[in-house]
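Chain order of the listed sequences is A and B.
No gaps in the numbering here: position 2 of the first sequence is 2 in UniProt numbering, and each next residue is one more.
No gaps in the numbering here: position 281 of the second sequence is 281 in UniProt numbering, and each next residue is one more.
One thing to keep in mind: the hints can contain errors.
Pair ranges (Cβ atoms, derived) [to be verified]:
(1) B:Glu118 to A:Asp183: 55 to 63 Å
(2) B:Pro220 to A:Gln238: 26 to 34 Å
(3) A:Asp122 to B:Arg319: 47 to 55 Å
(4) A:Pro246 to B:Arg271: 48 to 56 Å
So, partial list: chain A residues that the calculated Cβ filter (under 7 Å) puts toward chain B [claimed, not checked]:
(5) Val120
(6) Pro305
(7) Ala316
Don't read these hints as lab results, they were simulated from the structure.
Being a predicted model, the structure only gives us computed values, none of them experimental.
Every residue, glycine too, gets a C-beta built ideally from N, C-alpha and C.
2 protein chains.
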Amino acid sequence: MVATATRRYAIIGTGAIGGYYGACLQRGGADVHFLLHSDYDHVARQGLVVESVAGDFALPQVQAHRSTATMPPVDVVVIGLKTTQNFLLSDLLRPILGPQTAILTLQNGFAIEDELAEWVGDRPILGGLCFICSNKAGPGVIRHIDYGSLLLGQYSRDRQPAGVSPLVKAIAQDFYDGQVSVDLADDLRLARWRKLVWNIPFNGLSVAMNATTAEMMADPDIRQLAEDLMGEVVEAAQQDGEKLSPGQGRHLPADLIAQMLTHTEQMNPYRTSMKIDFDQGRPLEVEAIFGNSLRAAQAAGAGIPRVEMLYHQLKAIDRRLRVDG
Amino acid sequence: MVATATRRYAIIGTGAIGGYYGACLQRGGADVHFLLHSDYDHVARQGLVVESVAGDFALPQVQAHRSTATMPPVDVVVIGLKTTQNFLLSDLLRPILGPQTAILTLQNGFAIEDELAEWVGDRPILGGLCFICSNKAGPGVIRHIDYGSLLLGQYSRDRQPAGVSPLVKAIAQDFYDGQVSVDLADDLRLARWRKLVWNIPFNGLSVAMNATTAEMMADPDIRQLAEDLMGEVVEAAQQDGEKLSPGQGRHLPADLIAQMLTHTEQMNPYRTSMKIDFDQGRPLEVEAIFGNSLRAAQAAGAGIPRVEMLYHQLKAIDRRLRVDG
Numbered sequence: 001m002v003a004t005a006t007r008r009y010a011i012i013g014t015g016a017i018g019g020y021y022g023a024c025l026q027r028g029g030a031d032v033h034f035l036l037h038s039d040y041d042h043v044a045r046q047g048l049v050v051e052s053v054a055g056d057f058a059l060p061q062v063q064a065h066r067s068t069a070t071m072p073p074v075d076v077v078v079i080g081l082k083t084t085q086n087f088l089l090s091d092l093l094r095p096i097l098g099p100q101t102a103i104l105t106l107q108n109g110f111a112i113e114d115e116l117a118e119w120v121g122d123r124p125i126l127g128g129l130c131f132i133c134s135n136k137a138g139p140g141v142i143r144h145i146d147y148g149s150l151l152l153g154q155y156s157r158d159r160q161p162a163g164v165s166p167l168v169k170a171i172a173q174d175f176y177d178g179q180v181s182v183d184l185a186d187d188l189r190l191a192r193w194r195k196l197v198w199n200i201p202f203n204g205l206s207v208a209m210n211a212t213t214a215e216m217m218a219d220p221d222i223r224q225l226a227e228d229l230m231g232e233v234v235e236a237a238q239q240d241g242e243k244l245s246p247g248q249g250r251h252l253p254a255d256l257i258a259q260m261l262t263h264t265e266q267m268n269p270y271r272t273s274m275k276i277d278f279d280q281g282r283p284l285e286v287e288a289i290f291g292n293s294l295r296a297a298q299a300a301g302a303g304i305p306r307v308e309m310l311y312h313q314l315k316a317i318d319r320r321l322r323v324d325g
Numbered sequence: 001m002v003a004t005a006t007r008r009y010a011i012i013g014t015g016a017i018g019g020y021y022g023a024c025l026q027r028g029g030a031d032v033h034f035l036l037h038s039d040y041d042h043v044a045r046q047g048l049v050v051e052s053v054a055g056d057f058a059l060p061q062v063q064a065h066r067s068t069a070t071m072p073p074v075d076v077v078v079i080g081l082k083t084t085q086n087f088l089l090s091d092l093l094r095p096i097l098g099p100q101t102a103i104l105t106l107q108n109g110f111a112i113e114d115e116l117a118e119w120v121g122d123r124p125i126l127g128g129l130c131f132i133c134s135n136k137a138g139p140g141v142i143r144h145i146d147y148g149s150l151l152l153g154q155y156s157r158d159r160q161p162a163g164v165s166p167l168v169k170a171i172a173q174d175f176y177d178g179q180v181s182v183d184l185a186d187d188l189r190l191a192r193w194r195k196l197v198w199n200i201p202f203n204g205l206s207v208a209m210n211a212t213t214a215e216m217m218a219d220p221d222i223r224q225l226a227e228d229l230m231g232e233v234v235e236a237a238q239q240d241g242e243k244l245s246p247g248q249g250r251h252l253p254a255d256l257i258a259q260m261l262t263h264t265e266q267m268n269p270y271r272t273s274m275k276i277d278f279d280q281g282r283p284l285e286v287e288a289i290f291g292n293s294l295r296a297a298q299a300a301g302a303g304i305p306r307v308e309m310l311y312h313q314l315k316a317i318d319r320r321l322r323v324d325g
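Just chain A, same shape as in the assembly (with noise of 0.2 Å):
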């Protein structure tokens, strides 16, 4: 498949982050299938509009699809769904996925990987960060308004450190030419940890707390927790670190911490993705970014109670927002 002039996509959910890395592939001369929804007629007979901070661009054709079974068999499926969702992944992708078909998941949180090795055989797993700001501003456009870059590692059974494949390289190689900013992770999993460092205090005290990033860190108790929070999770990676790879120093960096809150507090003011999903009356990410994180910290044998507390808090805003929606 590395070898593959021309690589076949599929994205998965062509919303806010689905649709603008979607996009971006199309844009480099990737063959990308995108699956839609709502959108579907729109979409087919208009393409796909990003308007964004690097520059606006039109995809007046693109080839979409109202279900993956008129899609071909692609080189790598691109999960752009939310992971509230992941129980229609198995059908969705069943007619997509040949015997080497890769499949790369943008979703946040944790453990997300170990979910699809469960029913994927052997195929190859990578998981991307999306360190973007964007939601879908209409039907077929997409807006993109901060940041952008994609951080991309492959996925381990073992759960060691995979290195970076031909085939990491060479499905960055695509994002690149769609002018995607990539960095390349050698262990996925380290990675994810670092991004829950920041998700982890901000998703959930933006919902918990009802504010944005910059009302955050204006409050000096929300700062301070929100500190105390990122506290818990670099230990948690720290311990589970240790755990997987004992002795090998798999854990974040020192200044991690002060360094996230220089920058959030730098940062133009944000609402989080959940809390957009909050305040949209959609479903939140609970247990991809806490639960399963919640647990693997468990595994590992650190007690994070404090994000154990804004677990609970945030399925039980969660169930309200069902029972009241």
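Please arrange chain B on chain A, whose structure you already have, making use of the hints.
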């Protein structure tokens, strides 16, 4: 003072708590002076009305005061203000404190008596824990909804159990004569910890999760959180007792948490006092209930991260309430 036939009381704050218990004291024959603010004109003319589950009663004539300056010195000062107004106390009490005046605080929280001890000299200090649902229904009208008992104990400056003094018994008798069900605590500090086992989770979560007791108990995640928080308070009480009185077994019963959960499940749906303050936009008693107990736990070497997290959340909510209000 104990031998006086009729004791003279000053009720500082004639609201849901001070108004109810003050009215009961007068009904029982005590000489009661009420401090009033916005209701003064109404109460000076028409007295107080208690609409009570245990039977309504009216006091057409009460000794109403706009200021403590018009009151005589009293035998017992009863503090019924919210702790958020405690900065007013030293000025309010100065005119009515005789050399042997006792100070009885009916306020929620922890270390309330320690704060009084800093400026009332060697006058006796008592704490009264109110197990009551009541509110102010209108000018001079107290609505007594449920429960109503009072747990009285004397404070000792060395924080050791004070036992039951003749003074406590005499004051208890006055309440009893007013048809209040009174219990006596020989260890006021332990009694306060015990009440916090309920107040910390249910007051705190009722505001942080915006819910009644029934809603909290019906949600498995909030119920779990309540139980986890209760466990931390029991642990703090244990370590505080051990630090102050090594080997003296000053601790709470093992089945207290299970008992309280069962009881809370069975009680009528209830808005906690902090939830009522929140709903009415009043300052929250965060420091008295959470800050003081957190600091006492930390001084005793008990880590209570969930209580600490709830404290920070409530501080932020309270801060926002004051800014928006």
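Quick rundown of the hints versus the structure:
The hint said 55 to 63 Å for the Cβ distance between Glu118 of chain B and Asp183 of chain A, and at roughly 58 Å that hint holds. Taking 26 to 34 Å as the suggested C-beta distance range, the pair Pro220 of chain B and Gln238 of chain A conforms, at roughly 31 Å. Under the hint 47 to 55 Å, the C-beta atoms of Asp122 of chain A and Arg319 of chain B, about 54 Å apart, fit the expected range. Here the CB-CB span from Pro246 of chain A to Arg271 of chain B is close to 52 Å, well matched to the stated 48 to 56 Å.
At its closest, the beta carbon of Val120 of chain A sits 31 Å from a beta carbon of chain B; the interface hint therefore is violated under the 7 Å criterion. Here the hint on Pro305 of chain A is kept, as its CB sits about 4 Å from the closest CB of chain B, short of 7 Å. Against a cut-off of 7 Å between C-beta atoms, the interface hint on Ala316 of chain A holds, since the closest Cβ of chain B lies about 4 Å away.
In summary, the structure is inconsistent with hint 5 from the numbered list given earlier, while agreeing with all the others.
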